[in-house]
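S.K.: Spelled out, the chains give:
Number of protein chains: 8
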Amino acid sequence: MTLTVYLSGEIHTTWRDEIRKGAADNELDVKFTSPVTDHAASDAAGDHLGAETDSFWRDHKSSKVNAIRTKALIQEADLLVIRFGDKYKQWNAAFDAGYCAALSKPYITLHAEDIVHPLKEVDAMALAWARTTDQVVEILKYVERP
Amino acid sequence: MTLTVYLSGEIHTTWRDEIRKGAADNELDVKFTSPVTDHAASDAAGDHLGAETDSFWRDHKSSKVNAIRTKALIQEADLLVIRFGDKYKQWNAAFDAGYCAALSKPYITLHAEDIVHPLKEVDAMALAWARTTDQVVEILKYVERP
Amino acid sequence: MTLTVYLSGEIHTTWRDEIRKGAADNELDVKFTSPVTDHAASDAAGDHLGAETDSFWRDHKSSKVNAIRTKALIQEADLLVIRFGDKYKQWNAAFDAGYCAALSKPYITLHAEDIVHPLKEVDAMALAWARTTDQVVEILKYVERP
Amino acid sequence: MTLTVYLSGEIHTTWRDEIRKGAADNELDVKFTSPVTDHAASDAAGDHLGAETDSFWRDHKSSKVNAIRTKALIQEADLLVIRFGDKYKQWNAAFDAGYCAALSKPYITLHAEDIVHPLKEVDAMALAWARTTDQVVEILKYVERP
Amino acid sequence: MTLTVYLSGEIHTTWRDEIRKGAADNELDVKFTSPVTDHAASDAAGDHLGAETDSFWRDHKSSKVNAIRTKALIQEADLLVIRFGDKYKQWNAAFDAGYCAALSKPYITLHAEDIVHPLKEVDAMALAWARTTDQVVEILKYVERP
Amino acid sequence: MTLTVYLSGEIHTTWRDEIRKGAADNELDVKFTSPVTDHAASDAAGDHLGAETDSFWRDHKSSKVNAIRTKALIQEADLLVIRFGDKYKQWNAAFDAGYCAALSKPYITLHAEDIVHPLKEVDAMALAWARTTDQVVEILKYVERP
Amino acid sequence: MTLTVYLSGEIHTTWRDEIRKGAADNELDVKFTSPVTDHAASDAAGDHLGAETDSFWRDHKSSKVNAIRTKALIQEADLLVIRFGDKYKQWNAAFDAGYCAALSKPYITLHAEDIVHPLKEVDAMALAWARTTDQVVEILKYVERP
Amino acid sequence: MTLTVYLSGEIHTTWRDEIRKGAADNELDVKFTSPVTDHAASDAAGDHLGAETDSFWRDHKSSKVNAIRTKALIQEADLLVIRFGDKYKQWNAAFDAGYCAALSKPYITLHAEDIVHPLKEVDAMALAWARTTDQVVEILKYVERP
Chain A
1 MTLTVYLSGE IHTTWRDEIR KGAADNELDV KFTSPVTDHA ASDAAGDHLG AETDSFWRDH
61 KSSKVNAIRT KALIQEADLL VIRFGDKYKQ WNAAFDAGYC AALSKPYITL HAEDIVHPLK
121 EVDAMALAWA RTTDQVVEIL KYVERP
Chain B
1001 MTLTVYLSGE IHTTWRDEIR KGAADNELDV KFTSPVTDHA ASDAAGDHLG AETDSFWRDH
1061 KSSKVNAIRT KALIQEADLL VIRFGDKYKQ WNAAFDAGYC AALSKPYITL HAEDIVHPLK
1121 EVDAMALAWA RTTDQVVEIL KYVERP
Chain C
2001 MTLTVYLSGE IHTTWRDEIR KGAADNELDV KFTSPVTDHA ASDAAGDHLG AETDSFWRDH
2061 KSSKVNAIRT KALIQEADLL VIRFGDKYKQ WNAAFDAGYC AALSKPYITL HAEDIVHPLK
2121 EVDAMALAWA RTTDQVVEIL KYVERP
Chain D
3001 MTLTVYLSGE IHTTWRDEIR KGAADNELDV KFTSPVTDHA ASDAAGDHLG AETDSFWRDH
3061 KSSKVNAIRT KALIQEADLL VIRFGDKYKQ WNAAFDAGYC AALSKPYITL HAEDIVHPLK
3121 EVDAMALAWA RTTDQVVEIL KYVERP
Chain E
4001 MTLTVYLSGE IHTTWRDEIR KGAADNELDV KFTSPVTDHA ASDAAGDHLG AETDSFWRDH
4061 KSSKVNAIRT KALIQEADLL VIRFGDKYKQ WNAAFDAGYC AALSKPYITL HAEDIVHPLK
4121 EVDAMALAWA RTTDQVVEIL KYVERP
Chain F
5001 MTLTVYLSGE IHTTWRDEIR KGAADNELDV KFTSPVTDHA ASDAAGDHLG AETDSFWRDH
5061 KSSKVNAIRT KALIQEADLL VIRFGDKYKQ WNAAFDAGYC AALSKPYITL HAEDIVHPLK
5121 EVDAMALAWA RTTDQVVEIL KYVERP
Chain G
6001 MTLTVYLSGE IHTTWRDEIR KGAADNELDV KFTSPVTDHA ASDAAGDHLG AETDSFWRDH
6061 KSSKVNAIRT KALIQEADLL VIRFGDKYKQ WNAAFDAGYC AALSKPYITL HAEDIVHPLK
6121 EVDAMALAWA RTTDQVVEIL KYVERP
Chain H
7001 MTLTVYLSGE IHTTWRDEIR KGAADNELDV KFTSPVTDHA ASDAAGDHLG AETDSFWRDH
7061 KSSKVNAIRT KALIQEADLL VIRFGDKYKQ WNAAFDAGYC AALSKPYITL HAEDIVHPLK
7121 EVDAMALAWA RTTDQVVEIL KYVERP
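Protein chains in written order, with the numbering used here: chain A, 1 to 146; chain B, 1001 to 1146; chain C, 2001 to 2146; chain D, 3001 to 3146; chain E, 4001 to 4146; chain F, 5001 to 5146; chain G, 6001 to 6146; chain H, 7001 to 7146.
Everything labelled a hint here was simulated from the structure, so no lab data went into it. One or more of the hints may lead you astray.
Said to hold, decoys possible - A partial selection of chain C residues facing chain A, derived with a Cβ cut-off under 10 Å:
1) 2015
2) 2048
3) 2052
4) 2054
5) 2056
6) 2060
Unchecked claim - Straight line, CA to CA, 16 Å or less: simulated EDC-like cross-link-like pairs of lysine to aspartate or glutamate:
7) 7141(H) <-> 5113(F)
8) 5089(F) <-> 4025(E)
9) 7105(H) <-> 5113(F)
10) 5031(F) <-> 4010(E)
11) 89(A) <-> 1038(B)
12) 6087(G) <-> 6010(G)
13) 5089(F) <-> 4086(E)
14) 6089(G) <-> 7113(H)
15) 4089(E) <-> 5047(F)
16) 31(A) <-> 86(A)
17) 3141(D) <-> 47(A)
18) 7089(H) <-> 6134(G)
19) 4141(E) <-> 4038(E)
Built from N, CA and C at the ideal position, the CB exists for glycine as well.
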């Protein structure tokens, strides 16, 4: 089975690369997708549609241009890994989790132990909670067993 | 039209009471529902099912008992108001927003201006962003015009 | 059977009143709903959420506040009557028709003969085309036969 | 990601060619689809099924033969671009927008500034509004970033 | 439980009355609905929308006006009884059965033994096959046991 | 576009071959599927699962084994052609039409003019009615225009 | 909130009565539904439709008559309690759990500790696991908090 | 047609190999998938996510990691074969059957005659009941007829 895995959430650390490398090292038949992870580019995704004086509308336009990509990729994914780091609000990651829960799209969370309590609703609907990218790769290895 | 409105999110301020009072003062035909808003009770919702030594599982059980109530109420709601305050992570509120977005269930957000940027994905799929509970009541008045 | 009928489209003539009166005269068990039909109020539906300098965003906010009402009412309707008059673009009426078609929600159109050609895609998915409000009332009478 | 984009709406200008060319110039992995854009052929799509004396039924048959193609292509599209020009009623374009909105199928609109007001309900559910075909190509470039 | 039962199919015998009487005699909490069973009225359901010279279009219009009623009633039914008699083609009854099968809406068939073979696909997806109206009433009594 | 077309209904004439030949002659990018059209084999599809003394159950088992194939093929089809001939009850063809109608799966009917009246409900939800296989091929040619 | 709770599974002990009594003692606004729990009647539910010589078909007919009731009640339930006792195979209870999981219908399980391992897939998708009927009542009390 | 068939249930006998061999011997265009059938590995699927002192949670984690694989494979299957052997509770197999029933995903059961009675609800929604793997292969041969 070719598994399509969407990597949602934190964009400031190397977790996506670690998972991609782990999958490659194990020669797993997994295709990874993700949102645009260049923070500045993501915030500016709608700028070419016209300048805004109100930052709410600038954000609004960029979020929706990003949604064109993310909605399509989430639809075609078999599984999501949703990463919560130790900085920022990361409400978009929790939003993706809720979106998946409503669609019965399986997801696993990746986060440290100290944020277990605020993530309890998100974890409750996840199929697994991983603390490390190695654990995510282990899950993928298991899912891909012949 | 009797409108059923689910009030999701922050549980430490009086925003729910303000909206209920505003609707009552205007004699609106609106029925409000909400999660259990007693924080301690909510955290302990699963405790009677057996003690846990690992706090992850305690949270897990309580989240799911809460989900019995919240899933049923969200299903029957015509509209959600999702409140983000200035404290805590509030990932459950963003989770509810994503859940609604996937089900095409309309929601509006209620939050201050200083968190517009981190909420941009959540606001992008909302039908309105209100800064005050008065604005929410105004929306309900409009929706309920004869 | 109590039939819930949503009256969509043109807001500048008395067609809604004619249908309501015809149903009342025939003592039909029909409940009618509609968008807010006060044009100025509808355009201003989002104004209380804050002034906009760009008219695109003013329209955007008002459209979405209106959508809170219209989406809920369309969901609960058994049937829509969608009216196209001889003025204005009326793209919102065609939008409602497409929305219903995708959801397999039955609708009938009400319009004069001279706009049959541009409405051909809209009429193709309708369950009836009526030229007069009397014809709509006749349909309702038939649907409500004991 | 191979993105499948359905180009809906106006058939009397070169906007589809401009977008196709822009995508080709940028070597984007995008597959474009569209309705039959030969106006006379589209109006005559049902003629071979038997002549009609009433133009309503001629239109009816042709619209439905066209729907065989358009429904299949819209189903398989990841994104729609819906174009509104300055001529004709174009209710079919607004119908497609409503159809997509109900199915949570992402679409962007392409139209000039002077028809913002009558398109407000259509734009309210779009993920972007573009004024030029270059802006559409920019969106596709962004969505297709590696 | 109040059970809503739609009685589909044959309109030339008294089977609907027998079932209604059986349910009343047993004081069952069942609400029965049905299409318009006056054959001439049903065929003429669209006539008031304008005369047609081609009988195909007359049938077409009447079928769709009937569909306004039947689609709404099938949607709200918990169960259908679909009756096949010994006359006529009765393709509309088989159509209703297929419609229910696709929606996972439960239905039972009511027909004599000599048409078991041509009805095999219809019966295969039914929850029961009854030969007599008494058997249908027995099923309703069982379903309504306290 | 590769169009997948399921050919449902009558199995005693050469209509399927005529359509396949017409598509081949026109080099159309169409893939045709169909139920098992060997009548004896179809009736015996469940026989190897054990003999039945009651012909109802023999039919029942064979219908369901056939449904494994037909349900899968209808799901993956973009379009159905449903053929009604002049013999037999053909309730399975009307059943397929209803099944498609409920799933918003497009279908066209193929039948002679003398059975227009009993097929009115089936035709009402079809996207076209063809009298000849040539007309079906013409539709496919149109749908497949570049 | 009036909560509708379907009580699925074991029919040889008094667990349903205990839950009903617990809810009544606490004056909870809960409506309970269940399959027919008279074992002999349930096995004979299809007998009046004609005798069968093969017990497979007798079971088949009765199961389907039971399904008329159970499918309707599960559809209208907000929550299921699914009970596994210490006797019999109880595959129907696990079947109901899978049915709910696919429909995102919330359920809780009620069973002793010694069958945790064979029920692990069923429990994994449940919102709670209760060991006693008192625990079920506690959950209902929590869900029904004002 | 390439048929994708998921083989669910019993993991202690060679039934999967027999069906694979039968399909290969007949050169059928069938792709088989299955859960991880190594019992010890399956029970330990979540162990690498952290040790658990309570066996309920160990089972819980492993079941969910398994669900990542099984949910994805069931979604993409055209047909399931669900096997019940003579040992163990096998509630997971009945759970899969219920899951399929709710999604209208076709399945056939494979089991001996002596467990017909407890499997009656599961068999009632199946498209076939086979006693031997040869019978399953016969079904696949029939479904795959050209």
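S.K.: Next step is simple, just say for each hint if it's right about the structure.
M.R.: Checked hints:
Using the Cβ-Cβ criterion of 10 Å, the hint placing residue 2015(C) at the interface with chain A is not satisfied: the shortest such distance is roughly 36 Å. Given hint, residue 2048(C) at the interface with chain A, is violated; its Cβ is 16 Å from that chain's nearest Cβ, farther than 10 Å. For residue 2052(C), the interface hint holds, since its Cβ comes within 10 Å of a Cβ in chain A; the closest pair sits about 8 Å apart. The beta carbon of residue 2054(C) comes within 8 Å of a beta carbon in chain A, closer than 10 Å, and the hint placing it at the interface holds.
Checking residue 2056(C) against chain A by beta carbon gives a least distance of about 9 Å; that is within 10 Å, so the hint holds. Look at residue 2060(C): its Cβ gets to within about 9 Å of chain A, closer than 10 Å, so that hint holds up. For the suggested pair residue 7141(H) and residue 5113(F), the alpha carbons sit about 38 Å apart, so the restraint of at most 16 Å is broken. At most 16 Å may separate the alpha-carbon atoms for a hinted pair to count; residue 5089(F) and residue 4025(E) exceed this at roughly 36 Å.
The hinted pair formed by residue 7105(H) and residue 5113(F) fails the criterion: a straight-line CA distance of about 37 Å is larger than 16 Å. A threshold of 16 Å between alpha carbons decides the hint, and for residue 5031(F) with residue 4010(E) the separation of about 38 Å lies outside it, so the pair is violated. Only pairs whose Cα atoms come within 16 Å are accepted, and residue 89(A) paired with residue 1038(B) is rejected, the gap being roughly 24 Å. About 9 Å separates the Cα atoms of residue 6087(G) and residue 6010(G), which keeps this hinted pair within 16 Å; it holds.
With a C-alpha separation of about 11 Å, the suggested pairing of residue 5089(F) with residue 4086(E) holds against the 16 Å cut-off. Restraint check for residue 6089(G) and residue 7113(H): satisfied, since their Cα atoms lie roughly 15 Å apart, inside the 16 Å limit. Restraint check for residue 4089(E) and residue 5047(F): not satisfied, since their Cα atoms lie roughly 29 Å apart, outside the 16 Å limit. Between the alpha carbons of residue 31(A) and residue 86(A) the distance comes to roughly 27 Å, so the proposed pair goes past 16 Å and is violated.
Only pairs whose Cα atoms come within 16 Å are accepted, and residue 3141(D) paired with residue 47(A) is accepted, the gap being roughly 13 Å. The hinted pair formed by residue 7089(H) and residue 6134(G) fails the criterion: a straight-line CA distance of about 26 Å is larger than 16 Å. Restraint check for residue 4141(E) and residue 4038(E): the C-alpha separation of about 29 Å exceeds 16 Å, so the hint is violated.
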